[in-house]
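A.B. asks: The residues making up each chain are set out below.
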Amino acid sequence: MDYILSSLIFIPLLTVLLILLLPKQMEGAIKSVSLVATILQMVLSCWLFFNFNPTASATTDQGYQFVEKLNWISLNLQSLGHLQIQYFLGVDGISLSMVLLTGLMGVIGVVSSWTIKKNVKAYFALYLLLVASVMGCFLALDLFLFYLFFEFMLLPMYFLIGIWGGPRREYAAIKFFIYTLIGSLLILIVMIGLYTSVIDPAATAVNAGLATNASGATPAIVNQVQSALVSGTLASDKLVHTFSIPDMYQAKNFIPGSILHAFSNIQLWGYPVRLLAFLLLFIGFAIKLPVVPVHTWLPDAHVEAPTPISVLLASLLLKVGGYGLFRIVFPVFPEGAAYYAHLIGGIGVLSIIYGAMCALAMSDLKKLIAYSSVSHMGFVLIGLASLTVEGANGSMYQMFSHGLISGMLFIITGVIYDRSGSRMIQHFRGLAFTMPAFTVLVVIAFFASLGLPGFSGFIAELLVLLGTFASATVSGMLPRWMAIVATSGLLLGAAYYLWALQRMFFGKIWVHPEVQETPNMPDLTRREYLMLVPLAVLTLVFGLFPSLLLDKISPAINQLVQFILVAGK
Amino acid sequence: MNSLVLWALVVGVLPLFTFFILFLGGKKLPRRGDWLAITFTGISFLISLFLFLHIWQKEVVHVRFPWFELGGAGNQLVAFTSGIYLDNLSVLMLVIVTFISLLVQVFSVIYMHGDWRYHHYFAYLGLFTFSMLGIVLSDNLLLLFIFWELVGFSSYLLIGFWLEKDSATNASKKAFLFNRVGDIGFLFGIFVLYTFFGTFDLQILKDLVSGAIAQNNGFIFPNADGQTLSYTLLTLAGLGIFCGCVGKSAQFPLQVWLPDAMEGPTPVSSLIHAATMVAAGVYLLSRCFPFFTEDALLVIAIIGAVTALLGAIAACGQNDIKKILAFSTISQLGYMVMGMGVGAHDASLLHLVTHAFFKASLFLNAGIVIHAVHHAVAHYEADEFVDAQDIRNMGGLRKVLPLTFYAYIPATAALIGLPLFSGFLSKDAILSGAWAWAGYKSMGGNSLYYLIPVGGFSAVLLTAYYMARHCFYIFFGKNRLEIKPADYRHTPTKEASWLLLVPVLLLALFSIAFFFSPNPFDAGSSWFFQGLSLKQLLGSTTGLTGNMVNHITEYLHASSFIHVLTGIISVGLALVGIFIAWRNYQKASLKTNEELFAGQTGVLKVAHQHFYLNNFFENIFIRPFLSFSQEVAIFDKDIIDRSVNAFGKMMVILAKVIGWIDRKLVDGLVNFIAWLAGLIGKSGRLMQNGKIQSYYIFSLFGLILLILYILAF
Amino acid sequence: MTNTIPLTLVLLLGAVLFCLGILAVITKRHAIVVLMGVELIFNAANLNLVAFNRQQPHLLEGQIFSLFVMVIAAAEAAIALAIVLKVYQYFQTVNLDQINHEDEN
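Chains as they are written, first to last, in my numbering: chain A, 1 to 569; chain B, 1 to 713; chain C, 1 to 105.
It should be emphasised that the hints constitute simulated quantities derived from the structure, not laboratory data.
This structure is a prediction, so every number in the text was calculated from the model and none was measured.
Note that beta-carbon positions come from the ideal geometry of N, C-alpha and C, so glycine has one too.
Just to be clear, a hint being listed does not mean it is correct.
To be verified - Computed footprint of chain A on chain B, listed as stretches where at least three residues anywhere in the stretch have a Cβ under 8 Å from a Cβ of chain A:
hint : stretch
1    : 174-180
2    : 191-199
3    : 661-670
Stated by the list, open to error - Here are the computed distance ranges between Cβ atoms for each label pair:
hint : chain 1 : residue 1 : chain 2 : residue 2 : range
4    : A       : R526      : B       : S230      : 51 to 61 Å
5    : B       : A79       : A       : R168      : 42 to 52 Å
6    : C       : P57       : B       : L703      : 48 to 58 Å
7    : B       : A79       : A       : L80       : 50 to 60 Å
8    : B       : A646      : A       : L181      : 15 to 25 Å
9    : B       : M651      : A       : L155      : 17 to 27 Å
10   : A       : F563      : B       : K28       : 55 to 65 Å
With the rest of the complex left out, here is chain A (with noise of 0.2 Å):
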């Protein structure tokens, strides 16, 4: 098992090669031979899970497991010093619940995309690339690797929801396009200025002589070369520079005078360099979390993109931008972090009460639920920006909570879509009488959603309140009155979901007239039961034994945040 994680990457990779070369018109074998795929993406992310030890995490190279390192790209720039780009892997506790939920929620997508009829190859060849690509973001340790993996998703979402979207796909797949390719763009620019900031230490050490083989360096060999990066006495033709993200975390590996150099004192219209490239960093992600004010791609997306697409979108995409933060926006610039907690946290109070307002007015059942993924996302942005032990550990938590109850939601509507082919909240009197069971899932994917307890999103929510309450006294990063506006999220989030559930499932069965002749919808079938049930049974588990996620990534978390706490002093 060295190369599971690379083998998370390429089987579907690989799939896709095996989907193009068979004919067009074997729709059942590309179908099979997609869930095979996923289905082994998903057993392995699950041995991962496993198999991942968390207290072994302090030693194994920099807290990281089942680590892939080989050198990709190396240029040697003379006095520019040396190029390096790595093919580096690894997974810690924070991409561990996200390589988890991705293997998941991959097989539930390809099993929701059974009904696709319109040009079968070339979807399931995009969605594998989709979700290629996604494993990779969350698995790359590489700046450079995970920029090209987080370029990569762009593309199969395109045409993903640009051809088999709704009536508006042009539109949504062009906007959504842009939007987080301008977000890219913002991470490009700092992701350059890193790049001539940090050094590998390992690297420049056996470039210098000090050591034959980088896994030579020992740490007082890295000590040794970081104190004289410090002095200055490295000639800067024998700098490495790198694009390693753990690198970055070190204030010692950034060279004297970088751009980026913490002491370097750079400013920019009046500020500091650094926390430039944080808000940069921070804005290019907080576009893909979404939040506040800028999500609205996320509506027009969610909405015109086919029920697994939304499904993928929801689950997966979002958690990226959440992803990036915790792997590189708040522990690179640590100091940004503290400088603008009252900023995120403020962002992130928006997020949860505007969206929640939003999904309250909306009449589009996926828009409502569209929205109040935004305002889900805004507990991950206040827990983060708490810094706090409960703060930080409820967001990842809501994260994948809401991985598994956004996917759940989102194959909802479909159900309701494939029927009648309306979204309408207001089209539906009654369900519950013609879709008893349907009705049954749908009530607890709605309660999951609103934080009832017993439910994930409770224990993360709960969680990110605690954190975001205590901050004010135990990291001082947050406002108490934070913790008290975002808590009326949860009152805001039971009413729309309440009102939904009344106007839609209970009363009178009724359908409107223009959707559908007779008000008869039928129940679930096996298929959609293989989707809406492992979800709910999985919310329901880690709702109930929190500690089964907890025990693997909260060591990582804590680290995390006390790291950020101490150097962001």
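Mind docking chains B and C on chain A? Use the hints.
C.D. replies: For chains B and C alone, coordinates are given in the frame of chain A:
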């Protein structure tokens, strides 16, 4: 592990099994599984009795299990535990909850017979019982909050049980949302306690709070990193927790959901909205009593008194048999909360217990009456719809439903607070506690505190009045619809099935004072009081208001005069209330409906409309908020999204401009040069026109120019 | 010999003849008229040659040159007229404007 804990777990888990079995497979079970639910609840009840006998006044069992942890990497572990806490209060609540749940389920077998979701009904009752037992057994605030939400959820399911009824689903939504409002406050309270003490565990919190060292305007607590918790924040935390109670126990101003909740099936109203769930708020106050500051308790007392009074006034203006009882429940819950607020902790709990029995009984009674009237109305040939729940359509039913009437009388007497009945004991204790408290508080010279016991006494008068009215309307006088007694009965010989009557009679039996105290005029010496006193529940620690409570207790012990006085006053007031009701309605029952209610104006109308609180919330909060949400959505679509689109459009326009510049200027320059070359070429070509004569001219001109050039130089 | 015509007048006459010849060559469209213009130019030159011969009467160079020119002009005219005849046979016209275009057939 203590085997008692295992038994307690079994008690809690059995109803959960009921829920899962009936919900998932109930359709296929014979009789759709009601026997299973009743058997499981019966077993739970028996085990609860067993636990009661082992724990009551004997021992306290507390077991903690780790639930989940955060951290472990170098820094301190944040551990979340779950646990079971068994003391006098929890075992008592176990018995009450399982007992009433059992009786209600037996009652429901007939009452809900033939409903297409019969098995779901029992499943939901199972879920409710489980959650309620969870509240009772939890040893920490987080777990308590979880079950707190779950009872809200099961209440949501049960109020809206008749899905096709819009009023029912509206009421269920309203109940859940109003409860959530309170729960946000509750969470705030939990957050404060967690932030400063790092735990949710009630026992640890209790010790930490009791060890508080007062300092300036705050407290320093041992084990809490020397942080100072300001007095204001602690008061606010207490009020936050109280908010949870305000929501769940229907206190002012969130009480409006409870009357609406009567849209649910009547047995549900009896179990959830009278006996158990709504009392959970009082239970919570009792568990958190040590954390309340004196100021917080003052607010609690005021809210309680206001609720007691408002509920009682509103009850006077109702005509729906269940709504009267619902408002009465609000009023009685107000009493309990007021009792907590004035430090009459044990009296308040006693009232919780006695109220659970007599109010459950009254609701089940009402259920039988509705059942019968409903049956009768089917025979009644009327042009318009006849509301089977309107007391104005009843009358003289004591002859039709004698056993029901006999069960009704003691429960009503208990509610009114007549001596020898249970309600007298508890209400008297609360009122005398309130009086003593007012005496203690007004030692500073401010006698406004006496308003609270005065409010309590006024509520006694009103309670007597509306219950007497209720009673006269339903059971006395003449039958206003003039339906034959036989038509009320499903079977000609019996007034109702024994499955309906036995639970009612059993509950009515427990409305008699002897069950709670050997001296039916004073609760002070009862086994009950001794078991529920603060000393028993809190042990050596006394909480933040220990001094005040001790003072009041001693004061009450010292002079039995207050007890006697409050007893006499409240009985007197109750008799006055009954008399007024008798004067108004004994005669009125002979009149026709129109005459009776033509003049319903003024106070009665306001009371009937519940002080227009619904309209207040609807017009002041809900509607403006919804339209504000609409505005926000429009803002989102028209401003934010449009500005994003406008930005995109601007980019396109800019691109077009640049494109134009590129095409016209940059590319134009290149084209111009080419054009110029072409022009020159073209003009050169003109000379080569193949006409010999023009060649000749050109050469001639050339020659002349050459000559001129030569000549010039 | 006293009443001789002054040289300038003769040269002027030559120039006028020359210009007339040029004018005819340039402006006329008829090939034969153009030829006639050419003859005028020759004659203008001859006139000049003869007039200048009077400056040195003993040498007779001018007279001889003009005789040469006349002979050559006669030959040239014969050839030119033959060409014109051929042109006329080919193009059915002797209009210069019409024969300067390449025939597309």
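A.B. asks: Are the hints correct? Go through all of them and say.
C.D. replies: For each hint, the structure was consulted:
Here's how the stretch 174-180 of chain B fares: 3 of its residues keep a CB closer than 8 Å to some CB of chain A, so the rule of at least three is met and the hint holds. Counting residues of the stretch 191-199 of chain B whose CB lies closer than 8 Å to any CB of chain A gives 5, so the stated coverage by that chain holds, three being the minimum. Look at the stretch 661-670 of chain B against chain A: 0 of its residues bring a Cβ nearer than 8 Å to a Cβ of that chain, fewer than three, so the hint is violated. At about 59 Å, the beta-carbon gap between R526/A and S230/B stays in the expected band of 51 to 61 Å.
At roughly 51 Å, the beta-carbon separation of A79/B and R168/A lies within the given 42 to 52 Å, and the hint holds. A hinted range of 48 to 58 Å is violated for the C-beta pair P57/C and L703/B, which are about 32 Å apart. Separation of A79/B from L80/A is about 52 Å and conforms to the stated range, judged on CB atoms against 50 to 60 Å. For A646/B paired with L181/A, a C-beta distance near 18 Å keeps the hint of 15 to 25 Å intact.
For M651/B and L155/A, the Cβ-Cβ distance of about 21 Å falls inside the hinted range of 17 to 27 Å, so the restraint holds. For F563/A paired with K28/B, a C-beta distance near 56 Å keeps the hint of 55 to 65 Å intact.
The structure fails hints 3, 6 (numbered hints given earlier, in ascending order).
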